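Could you put together the complete structure from these sequences and hints?
There are 4 protein chains.
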Amino acid sequence: MKVDCTVEIQGHIIDSLTLPKIMDTILDLGAAYTIKEIKIGNDKTNVSYARLNVFADSHEILDNVLDNITKQGATLLEEKNVTLGECPKDRTLPDDFYSTTNMITEILLNDEWVPAGNTAMDCAIVVDEKNKKACCTKLSQIKKGDKVVMGHDGVKVHPLRKHEDKSIFTFMGSEISSEKPKSLLINKIAKRMQEIKENNEGKILFVLGPAVVHTKSRDNFIKLIKMGMVDYMFAGNALATHDIEADLYGTSLGISLEDGNPIPGGHSHHLRAINKINQQGSIRNAVESGVLKTGIMHACIKNDIDFVLAGSIRDDGPLPEVITNTVTAQCEMRKRIQDVKMTIMIASMLHSIAVGNLLPAYVETVCVDINPAVVTKLSDRGSFQTMGLVTDVEAFIRDLVCALERIAVK
Amino acid sequence: MKVDCTVEIQGHIIDSLTLPKIMDTILDLGAAYTIKEIKIGNDKTNVSYARLNVFADSHEILDNVLDNITKQGATLLEEKNVTLGECPKDRTLPDDFYSTTNMITEILLNDEWVPAGNTAMDCAIVVDEKNKKACCTKLSQIKKGDKVVMGHDGVKVHPLRKHEDKSIFTFMGSEISSEKPKSLLINKIAKRMQEIKENNEGKILFVLGPAVVHTKSRDNFIKLIKMGMVDYMFAGNALATHDIEADLYGTSLGISLEDGNPIPGGHSHHLRAINKINQQGSIRNAVESGVLKTGIMHACIKNDIDFVLAGSIRDDGPLPEVITNTVTAQCEMRKRIQDVKMTIMIASMLHSIAVGNLLPAYVETVCVDINPAVVTKLSDRGSFQTMGLVTDVEAFIRDLVCALERIAVK
Amino acid sequence: MKVDCTVEIQGHIIDSLTLPKIMDTILDLGAAYTIKEIKIGNDKTNVSYARLNVFADSHEILDNVLDNITKQGATLLEEKNVTLGECPKDRTLPDDFYSTTNMITEILLNDEWVPAGNTAMDCAIVVDEKNKKACCTKLSQIKKGDKVVMGHDGVKVHPLRKHEDKSIFTFMGSEISSEKPKSLLINKIAKRMQEIKENNEGKILFVLGPAVVHTKSRDNFIKLIKMGMVDYMFAGNALATHDIEADLYGTSLGISLEDGNPIPGGHSHHLRAINKINQQGSIRNAVESGVLKTGIMHACIKNDIDFVLAGSIRDDGPLPEVITNTVTAQCEMRKRIQDVKMTIMIASMLHSIAVGNLLPAYVETVCVDINPAVVTKLSDRGSFQTMGLVTDVEAFIRDLVCALERIAVK
Amino acid sequence: MKVDCTVEIQGHIIDSLTLPKIMDTILDLGAAYTIKEIKIGNDKTNVSYARLNVFADSHEILDNVLDNITKQGATLLEEKNVTLGECPKDRTLPDDFYSTTNMITEILLNDEWVPAGNTAMDCAIVVDEKNKKACCTKLSQIKKGDKVVMGHDGVKVHPLRKHEDKSIFTFMGSEISSEKPKSLLINKIAKRMQEIKENNEGKILFVLGPAVVHTKSRDNFIKLIKMGMVDYMFAGNALATHDIEADLYGTSLGISLEDGNPIPGGHSHHLRAINKINQQGSIRNAVESGVLKTGIMHACIKNDIDFVLAGSIRDDGPLPEVITNTVTAQCEMRKRIQDVKMTIMIASMLHSIAVGNLLPAYVETVCVDINPAVVTKLSDRGSFQTMGLVTDVEAFIRDLVCALERIAVK
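Chains as they are written, first to last, in numbering that gives the first Met the number 0: chain A, 0 to 409; chain B, 0 to 409; chain C, 0 to 409; chain D, 0 to 409.
Be a bit skeptical, because a hint or two may be false.
As the list makes no split between identical chains, a pair holds if one copy fits it or if it spans any two.
Computed cross-link-like contacts, DSSO-like style, restricted to lysine-lysine with a CA-CA straight-line distance of at most 27 angstroms [claimed, not checked]:
(1) LYS376 <-> LYS20
(2) LYS155 <-> LYS334
(3) LYS376 <-> LYS215
(4) LYS275 <-> LYS143
(5) LYS275 <-> LYS146
(6) LYS88 <-> LYS275
(7) LYS142 <-> LYS275
(8) LYS292 <-> LYS88
(9) LYS20 <-> LYS187
(10) LYS409 <-> LYS190
(11) LYS187 <-> LYS79
(12) LYS409 <-> LYS292
(13) LYS215 <-> LYS190
The hints are simulated quantities; they were obtained by calculation from the structure and are not laboratory data.
Please read all numbers here as calculations on a predicted model, not as lab measurements.
This is how it looks when you write it as structure tokens:
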């Protein structure tokens, strides 16, 4: 073992499993460690501390180890400033760029710890040395000449810790099951939404799939809007189209919302709905001209809810407000995500995964779907803040509205 | 084509697809037909009629064709009496026995049409010539010397027809989806339950899985019992055990029903619950002695609901009332099924499939599960009377109770 | 019943269920019929014929009936020329436009039957009167001033019929199951691919999801390319990215393709892979410069396979060849689909559904996924030509290669 | 905090997460701890050690804590002998009985550590003081007068530890995915089977569902039998019935194993197959008389494979060898499990869960199913020894045979 260095880990490193995982990583990568010091907190509120010597046979191995364990929250004892590299052209990074996690990250820039803004995973950190600023930036937004963080020196990651956080999400864990009592969980979500709004903690984002319309949940979702519980709504062309179809024809994908039966000729309703909006030029125009009288899109426009409709290759039409460029749509979503405190994703695999990729780990996220596979994918983000609920979409929205109404009455 | 015969088909043979399917079967089996006469009703209430000559190269092929198309509702023009064979020993049939469908069946016994009682699929028809009686009988119940129907002569099957039936099940079809408005369907189920009870049309059977307890739906199910909507309850050891565990420990499979979190030590609660009942000798004793104070089993016993708890190899314990012999359990269930008009199966794959195998096709059946695979398996029974609902169990039972309460108020 | 008209239906209208379905539709829409003439073919090759009088209380109802039953293959006895309407602006149709099915369609234009090209569902039919041409056109491609078919007059749809078609797809039906012997089916698919290539019947399109890479099926898919069995490949950014990641780092989404274990640091491999390609300017450049040495994208470029990579909002990067505009991506796919005879969709829900929406019903389609929900969605297209296979992706591709190799040897 | 005690934990208590989990449990149950001593091994082979003082407000709380943490591997510093209670009647335990885990357990009986035989979860430990023996016993087998362990004094549990075990199962983890390369895993399973047989480490048990027959995998499974890789086979009536149906009629549940199409009349084949066996008296008789000529049951009997066929309420028939009493069936399975080293469960939810409940944690278990829900349920047993594989059953068995053949050749 020719090379070595010393790292520190502190926080709830035992009960958050941070220390055992770091020890595992070191050994898995072919290095070794000795523990120089360890102090273990006696209870959940006491902080633990460990100092480890890490040994490796080559600089390459040691670098790989440090790259990985610093992402898990270890920091080098001797703090070095970040190294910067220059981007050779647009959308192109230097080879050894630092790739971000979705956790809060700081960089040591000229001996000063600077937060890396716009936390998101799979980004590079673009640094503005003059203004002492750093920003997580998606590859598609990289410009020629941007300075980005290289390697792992001078990067500190703050992993979320299980017992540190006081939010109900901690308490709930990321349990996924259709075979559990759900009313208490829904009450807690409602209470948390209320709290966020009362304390101005941040924005609440809803990500919706078309099943919200198919299951006849439009009216209940509109109640959430009117209660002030929806700051942003992200969805696709399908949600908006079927919502408008429901207004104009009383169907969703040609299925009557009255009795659940297919309407003869109903299969063309969604296309006729889009065409009606195209005739008006936009959904907003259709609301203003009185062509569109009810529904989620109508309520969003009437109540000034900021929405993003992102396109996909499955779309018919699409509607005028749908952003057909996927990179532009991502940027529009990321912009709004910066001040989001809570995200509720309902019945949309594509949009939920897309938004999940953009969210910082600290955003409290609820993913609701009747399909456990979707919920599992989302809950696997490795954050204590994500909770999956396998249940019926219609029942969830209805129960959430009821829970919020009960809180309001008190 | 050396052999031939003439068959008739009547009823709604076009719109119930009976005629096209019979024509398909004849050709698929290597025979041929000519249509001798066809009359097609002008609308849904008019009856159609077809007479076909069927040709085949051998008696064997013709027999195979007749065996199949008579099960689809075709009848031989020249009616022959049934042929009977004798069972050589217990649980053993003669080789060419007639295997039943789950549809109403009559046999021509000494020139008289006699109904085959206890309709169920995969049975032999045991005939009592003296008393002019016939009865569908499971292989396990066959006794040495029983006379059973052989081949297909003298057997008439009455297929269910789509537009003939006035029940709401017809109207609903056997559509399966979590992406549909469900409130109307649940209202119709409630109305139909009310009707069945008012008109004394027959019994209502519930088949329950343990998720009814896990999702905290005990109180709502007890409401159904108290409304008089539950005549029979079929379940397994798990439902009863977790129901009793909930009463004694407030948990279900060790999970708190208050907050959905696992209780340390809770994994042994179900075993302790069974042991408590064993100490009392039976669930009934535990109710009477006051050891068991609440829950579904308690309500069943207090309200004289006739229940069958059937054992499985997964069971711990099991509880004293659980029938550990699977053949005995089947018999107990079949006995009760004879006067059942409606079956509601909730969240139990094993018990739902077992009961589905025993039910006549005319029993109106609702299968509710959050897992579409279970619903599909049950709905594939080829009956217009089976409706699948992919939804949350807790929400379904709650909404059903509400719908019944609304009807009661009117 | 004040208004009426006469329609004809011919073909295998009984055994393809066309006639019963049309009769159902008429009654469901509140109209009535009398059968004026019916001739039923005696076997599967004989054609049947029916002539019906349809009655309704209003022109509106009759129009709705005709709109629906003409899509099912009924034709008006008195043929009328199509009515044309003019599009008021780009992406906007007149209100009563005819919305297409995915079946072959002809229009009666100035007393001449003209085929509507580019068959696809949910299109308008744009008519070029001068050149006697008609073309199914997506809403997004409609230009101001386009003349489109209105209502249902003069439109004839040719439904696919079950027993008419000689392809193996007919024989196989659209059965979906993991619990069936699959080797025979895979042999038949292989034989059919061979046939299509030998007889120059058309192109073979593969739609691929990233699981093709994750399951280590790249080499087997490359064998299909080298056998000449892949004319087009449609996929997303993920397939191409992980294919390139596998070449550069030996991982797929950070999981080692050698042993299936996560590689520490592997989560950034996909981003580094995209960056490597961005450095080169394009995948093609990376192949030519020798940076990219193996894999599916490499084989596509080396073997001149025409591919479309369509973007989605989930994408990191994306790679330079990915089309980020969803409408443009749709157009590029539709262009290639026109001469496709067979489509094999593997493990991609988003791309499979997107392509499914664009395909004419007559394209023989195989959808392979381990998730039955995806296969069901695709197979529900109402075409006898779509076959679903619930199986392991890796096993399917491997077995398909083996079957093709066996055929080649003979 | 009025009461306290001291516990020790040793082994790989950090990287197996034992220590963090015990600390969590103490706090969750309302108690507290101080760490008296902690030594942490420097690498995966070094053992760690911790000594903790546990404090609580009441004896009740302390007892609850000890009950839980001793099951996780903590031992009281002052060792006490077990307390014994007497069973008041058959199938009935005293209230405070100790409920077992599925891990190796020892009890301190008159100052001597005695292993509790027949390791299985949810049992009581019946003690034979005279012979210094202890045995995990299911509630159904408890006899009046049995002496059983009470509380948690004198009980030591040996949790499995991740890095201690050298088997490939450790390395593989309990990862579940259809989206991973599987060939390496299957090779390792094959190699491990080979090793177990070569070193006489124990028996190999297969648990089979009927999909093994439906997917035409009988011949490949028979190869496993002939290679000597199957010591026990557990299955239900369905597997045996369809296996025999395949021999007698070439179908499985009426589906042709040649082409996957339903055979007209095939729905009664399974009943006719059972009847044929009943005519012979037993499957064994049918093999000996030459009525049954091929298949899995035939090979089991010809090769003296010890099998258990366990009944369920879904069964038709059942076959003579099927054990219709579920408690008897459980006992028969448990008897054979005692010397099992490896279990491979294929495509049977009911039987796999039933066997999973009976298996000690140290049995290396592979669960193969195309449905991820089944695999998840089985893999959740909390043992590093259980591996789930989401894949096609037919492909798995075929690949396993190939892998074993390759090993044999070397």
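To see whether the hints hold, each was checked on the structure:
no. : hint              : verdict
1   : LYS376 <-> LYS20  : both (22 angstroms within a copy, 25 angstroms between copies)
2   : LYS155 <-> LYS334 : within (24 angstroms within a copy, 50 angstroms between copies)
3   : LYS376 <-> LYS215 : both (26 angstroms within a copy, 21 angstroms between copies)
4   : LYS275 <-> LYS143 : between (44 angstroms within a copy, 15 angstroms between copies)
5   : LYS275 <-> LYS146 : between (48 angstroms within a copy, 18 angstroms between copies)
6   : LYS88 <-> LYS275  : between (44 angstroms within a copy, 12 angstroms between copies)
7   : LYS142 <-> LYS275 : between (41 angstroms within a copy, 16 angstroms between copies)
8   : LYS292 <-> LYS88  : between (49 angstroms within a copy, 24 angstroms between copies)
9   : LYS20 <-> LYS187  : between (31 angstroms within a copy, 26 angstroms between copies)
10  : LYS409 <-> LYS190 : within (12 angstroms within a copy, 36 angstroms between copies)
11  : LYS187 <-> LYS79  : neither (44 angstroms within a copy, 44 angstroms between copies)
12  : LYS409 <-> LYS292 : neither (33 angstroms within a copy, 33 angstroms between copies)
13  : LYS215 <-> LYS190 : both (25 angstroms within a copy, 21 angstroms between copies)
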